[in-house]
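**Student:** Below, each chain spelled out in residue letters.
Number of protein chains: 2
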Amino acid sequence: MPRRSPAGEESPGPGRPATSYDVARLAGVSQSAVSRCFNPGASISARTRAKILRAANALGYRPNAIARGLITRRSNMVAVVITNLTNMVYPEVLFHLNQRLVERRIHLLLFTLGHERNVAEILEEVWQYRVDGVVAAAHFSTGQIEACRARRLPIVFYNRSSDSPYVASVCCDHERGERELVDRLVRSGHRHFVLLSGPAESEVSRLRTRGAIDAIERTAGLSYELLEGDYTYSCGRARADQIAAMKRRPDAVICANDNLAMGCMDGLRHAHGLAIPRDLSVTGFDGVTAAEWGSYDLTTVRQPAERMVEAAVDMLLERIENPDLPAEARVFAGALRIGSSARFDGPARRL
Amino acid sequence: MPRRSPAGEESPGPGRPATSYDVARLAGVSQSAVSRCFNPGASISARTRAKILRAANALGYRPNAIARGLITRRSNMVAVVITNLTNMVYPEVLFHLNQRLVERRIHLLLFTLGHERNVAEILEEVWQYRVDGVVAAAHFSTGQIEACRARRLPIVFYNRSSDSPYVASVCCDHERGERELVDRLVRSGHRHFVLLSGPAESEVSRLRTRGAIDAIERTAGLSYELLEGDYTYSCGRARADQIAAMKRRPDAVICANDNLAMGCMDGLRHAHGLAIPRDLSVTGFDGVTAAEWGSYDLTTVRQPAERMVEAAVDMLLERIENPDLPAEARVFAGALRIGSSARFDGPARRL
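Residue numbers (our numbering), protein chains in the order written: chain A, 745 to 1095; chain B, 745 to 1095.
It is worth saying that the hints were derived from the structure and are not from the lab. Just so we're clear, the structure is a prediction, and the values are computed from it rather than from any experiment. By construction, the Cβ of each residue, glycine as well, lies at the ideal position given by its N, Cα and C atoms. Any given hint could be a false lead.
Short derived list, chain A residues pointing at chain B, Cβ under 7 angstroms [as the list claims (entries may be wrong)]:
1) Asn828
2) Pro835
3) Leu852
4) Leu853
5) Leu854
6) Thr856
7) Asp1010
8) His1014
Chain B residues, not near chain A, derived (Cβ > 10 angstroms throughout) [as the list claims (entries may be wrong)]:
9) Ile889
10) Cys915
11) Gly1017
12) Glu1050
13) Val1075
Could you put the whole structure together from the sequences, leaning on the hints where they help?
**Tutor:** In structure tokens:
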């Protein structure tokens, strides 16, 4: 069937999209005028521009963003590297990220890390697509960071910090958030704690745990026990059995994220008949959607995800303009969410 | 600072990535041989290929996927158009989709639909990037489908069906799944139902509700009441107040998705002291992760999301090869998940 442009005219030929040559011919201008018309910032008279837009519209012509990228040396694409976990915990991070990028007319090329693929392979592909920059919620080695630097490819890490002098990062202040949360529990009379951590290799979990220990060790006579976890609901559920069997039952279980806390609450309540917070308090970290649901009403530290995403996009775009900007870390305070999962005295206050 | 290739040699110049010309010079071959070497399917001798790969490696040369796309007329990118809701309910759909595409060396360009942006604007951008195809979990008008067809741009709809003769779609059998679920409730002695629907404009909700009504109307003496909802937890929570205040309390609340069901359960239990399923049964649809959590243990119909994603990718790639393939709808049965949220007699069976 013959192609028709939206306006209804016959298009240049069946199956062939209109080219800038077709537009130039119909508008009676040069091909370079057509190219200037569709390149933001290029100089062109209002009259020529109007003629070209009329012709482009009649032919259903769309400037080819990719070909344009070869001229401007920008692809107007940003790679986002996330892990399965990032997306499960924060589906809205990816959504906000895309919305903020699209507002700047930049598109998001998605790279997901499963168990079977590693960052090295993904980087080869990132380079092939000549993206303008990378937002990474994943661990990059120093060598990988250097290799991006050598290509003058800016990276912003999301919720990871890095010692590299080359990278920008956006983080929630995990350590301070957890310290202030646990400090409130101490002041509310909790004396013996279980700390349920994330996986050993998680820097974020290490920071949260350190914040909790700081708060506990400030006051004499308090004690804690550390259990290793893996950030999942099912791990929290399994650790509940261990906690219920402990000789000395803790007053509070401090979980390194909300998923662990919700699994732990379900186990303590439904498998062991314990009442929360009467028998013991349970807290999380992150402020995921389900933490507010009636079955959990979790006391947790909410990360300001929307604000963090905005900062990440700002930092990346600045560095696409100028790759020589110095490294910068932007750290955002979390907000205490007081739910009924922990026994707390006194009113809520922002951390 | 001078760029260094991974192998440590000086690169062609500071800040300048190696080009195919540099590789050709070092390997002592023509530029067209270099181009053939990196184009899958192009003919080249094993000896020449080895020479080129050695030179490319020494120079840190990466073939430019975008420039290659201009030759092959393929961008090797697929646009995925999703709404906020799709991603919240199924973060794993996007993850699986990307994994399946990457296996075929195709990349995912993400387009999200917020309230403020509509499909028309997004389509302009999709066309600009000359993607090879589109996976859409969003509503397209007939005109928009025609416009893609005119550009020979294949689309596969995910969990949407379409009357257009031009499109392929992958769906869960919503109507049948809900009919078989409610049929089981009827056979287990439930007599009076509340159907809590999704938003009025949702085709998926309409199908699920129709399946439920079918099952109820098959048996004489049963009755139901229809309440409109919007697929969110908070709506389910609010409808629980209405349901608890009803003169005749239903035996079962059939919710159009899991989020509604979980909100409804929390409201019925925590605000109205009702026991589930002793006082009434509650069911959902989708099989989201949280449906299996101990606080809910929801009876629901699980969509085979991984299988559906695989089918969507297969159908799209076939149509990228041959845009003239006829329309096709692939419909997958859901799997009944029996939890403790509904009073059920007899063993589980696959729908």
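**Student:** Run every hint past the structure and note whether it holds.
**Tutor:** Evaluation of the provided hints:
Nearest Cβ of chain B to the Cβ of Asn828 of chain A: about 6 angstroms, under the 7 angstroms cut. The hint holds. Against a cut-off of 7 angstroms between C-beta atoms, the interface hint on Pro835 of chain A holds, since the closest Cβ of chain B lies about 4 angstroms away. The interface hint given for Leu852 of chain A holds, since its Cβ lies 5 angstroms from the closest Cβ of chain B, which is under the 7 angstroms cut-off. The restraint placing Leu853 of chain A at the interface with chain B holds, with a minimum CB-CB distance near 6 angstroms, inside the 7 angstroms limit.
Evaluation of the Leu854 of chain A hint against chain B yields a held restraint, the C-beta minimum of about 5 angstroms falling below 7 angstroms. The criterion of a C-beta within 7 angstroms of any C-beta in chain B is met by Thr856 of chain A, whose closest approach is roughly 5 angstroms, and the hint holds. Using the Cβ-Cβ criterion of 7 angstroms, the hint placing Asp1010 of chain A at the interface with chain B is satisfied: the shortest such distance is roughly 3 angstroms. Taking 7 angstroms as the C-beta contact cut-off toward chain B, the hint placing His1014 of chain A at the interface holds, the least distance being around 5 angstroms.
Ile889 of chain B, annotated as away from the interface, keeps every beta carbon of chain A farther than 10 angstroms; the closest lies near 13 angstroms. Every CB of chain A is more than 10 angstroms from the CB of Cys915 of chain B (nearest about 22 angstroms), matching its label as outside the interface. Remark: the non-interface label on Gly1017 of chain B is consistent with the geometry, its nearest Cβ contact in chain A lying 13 angstroms away (cut-off 10 angstroms). At roughly 12 angstroms, the least C-beta separation between Glu1050 of chain B and chain A is larger than 10 angstroms, which holds for a residue marked as non-interface.
At roughly 26 angstroms, the least C-beta separation between Val1075 of chain B and chain A is larger than 10 angstroms, which holds for a residue marked as non-interface.
Of the numbered hints stated above, none is contradicted by the structure.
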